[in-house]
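Student: Each chain, written out:
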Amino acid sequence: MTSPSVVPVPAPPPNDELELLLRLGDDRLVLGHRLSEWCGHAPILEEDIALANVALDLLGQATLFLRRAGEVEGKGRDEDALAYFREAVEFRNCLLVEQPNGDFGFTIARQFLFDVHAVVTLDALSRSTSAEIAALAAKSLKEAKYHVRHSGEWMLMLGDGTDESHRRVQRALDELWRFTPELFVADGVAARLAVQGIAPDLPALHAKWETIVRDVVGRATLTLPHESMHSPHLRGGRSGMHSEHLGHMLAELQIVARSHPGAKW
Amino acid sequence: MSGTSATRLTRDEILAVLDTVMDPEVPVLSVRELGIVRDVRLEAGEAVTVVVTPTYSGCPAIRVIEQDITSALHGAGIADVRIETVYSPAWTSDWIPTEARAKLKAYGIAPPSPAAATDLVQLLRAPRTPQCPYCDSRDTEVRSEFGSTACKSICWCRSCRQPFEEFKGI
Ligand SMILES: [Zn+2]
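Going down the list, the sequences are from chains A and B. Its first residue numbered 1, the first sequence is counted upward by one per residue in the working numbering. Its first residue numbered 1001, the second sequence is counted upward by one per residue in the working numbering.
Calculated directly from the structure, the hints in this document are not laboratory data. Be aware that a few hints might be false.
Here are the simulated distance ranges between beta carbons [stated by the list, open to error]:
id: 1; chain 1: B; residue 1: ALA1079; chain 2: A; residue 2: ALA81; range: 24 to 34 Å
id: 2; chain 1: A; residue 1: GLU210; chain 2: B; residue 2: SER1088; range: 23 to 33 Å
id: 3; chain 1: B; residue 1: ASP1012; chain 2: A; residue 2: GLY197; range: 39 to 49 Å
To spell it out: a stretch of chain B is covered by chain A in this simulated footprint if at least three of its residues, at any positions, have a beta carbon under 8 Å from a beta carbon of chain A; those stretches are [said to hold, decoys possible]:
id: 4; segment: 1012-1018
id: 5; segment: 1050-1062
id: 6; segment: 1084-1092
id: 7; segment: 1119-1132
Among the chain B residues that face chain A by a calculated CB cut under 10 Å, a handful are [claimed, not checked]:
id: 8; residue: VAL1040
id: 9; residue: ALA1115
id: 10; residue: ILE1170
Just so it is clear, CB atoms sit at the ideal spot from N, CA and C, and this is done for glycine as well.
With the hints as extra help, turn the sequences into a complete structure.
Tutor: Structure representation (C-alpha cells):
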C-alpha cells in the first residue's frame, strides 16, 4: 500500500491587479473615515462642510475601487464585504492615511500630502492599460483636483498665517514627512504592474509629487524636513503591517455591519 | 404576447419624459440637461434601460435620481424600467449645454467654468474668479470649494457684495 499521494497545491499567482485596487480603495476608505470624524467638530462651518464633502467623495471612490477589487478577486465579495469584514492585516492602505486627525493643521497637512499624491497617481492611472482601472481613475481624478485646491489653499493660509498656525502646520509636516516615502515604494506588485503598463513607474511619480509639494510648501513659508527626517521610513501598510491606530478605527467603522450582518435600511 | 406593444413609447417620447425629471439638488435642470442620462435603450419585450452616470463618485443624490427616473417612466406606462450605471466617460460639467447654463445663472448659481487642467502647479497657483450671477462682475473670490452640495462652491462678489454659489467645473 502506498500512502495517498499528496499533490502539492501550487500557490496561486500573485494577483497584482487586486492588490492595486485594494491599495487604491483602502487609502480612500480609511482617509474618508478619518475625515468624517471631523463632522460637527471642524473650526468653522465651511470647513465642516468641506471635510465632510471630501470624505464623501473618498468613500464614493473607495466604493468603486473595492467593488472592482471584489470582481477581480472573483470570490463573491462586494465592496461592503471588503470594507466591513476584513481584519486590519488585510487592509492595504498606506500608514499616512490612518494617522489620527490631530489638530486642524495636522489634518490639512496630511490631506495635502495625500491629495497631491492622488492627483499625480490618478492622472497616470487614467492612462492604464487596464480599461477598468483607467475609467475609475479618470472619474476620481476630477474630484482629487478640487480636493488639492482645498488643502493647498489651507496650507498657504496656515503656513503664511499667524505664528501659531505656522508653528502647528510646520510641526505637522515634520511629523508626517516620514510617512510619505511609502506612497511611492516600488515593491514587487508595483514593479510588475509598471512593466505591464497597468500602473505608473512610482519613482518618477515621486519626483513629480515632490516638485508640487515643494512649490506650495515654499509659498506657504514652510520648510520641508531635512533628508535625515526621512528615516526611519515608516512603511508596511501595503503589506498589512499597520499602526495600532487602524485597528481602533476599524472597530468603529465595522461594528454596525458586524453586529447586524446582512442588515438593510 | 403583450397587447400593449402597439402603444409602446418611442425612444424620443421616453427622452421627453426624462426631460421632466429634475435634479434633486439643482431643481432647475433636468437629469438630461445635466448629462446624467447617457442613453435610453428599448429592450426586447416591454423593458426600457436607462443608462446613467453619476456626477460625483460619492453623489448621495444618485439613488434618488434613479428612483425619480423609474417612477416617471412608470407613470408613463412603462412597467419594466432598468437602470444601468456607467463610469466611463467620466461625467464632466462641460456637458451642460448653453441653455441650461442660462437657467443656472437665472437661478442664482454661476455656471461652471471649463473643467480644470491637470497641471497641478498651475492649478494651485491660479486663483479662480467666477463671474457673479447677479451683477456679472469678475471681481470675485472663491470662499470655499464646498457649498451646500458637492457640486457647488461658495463665492463672494466684491462688486455687489453678495455671496453666491458656483457650479464646479470638473
Ligand atoms: Zn455681483
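Student: Compare the structure with each hint and give your call.
Tutor: Results for each hint:
| no. | hint | verdict |
| --- | --- | --- |
| 1 | B:ALA1079 <-> A:ALA81: 24 to 34 Å | holds, 33 Å |
| 2 | A:GLU210 <-> B:SER1088: 23 to 33 Å | holds, 31 Å |
| 3 | B:ASP1012 <-> A:GLY197: 39 to 49 Å | holds, 42 Å |
| 4 | 1012-1018 | violated (count 0) |
| 5 | 1050-1062 | holds (count 6) |
| 6 | 1084-1092 | holds (count 6) |
| 7 | 1119-1132 | holds (count 5) |
| 8 | VAL1040 | violated, 21 Å |
| 9 | ALA1115 | holds, 7 Å |
| 10 | ILE1170 | holds, 4 Å |
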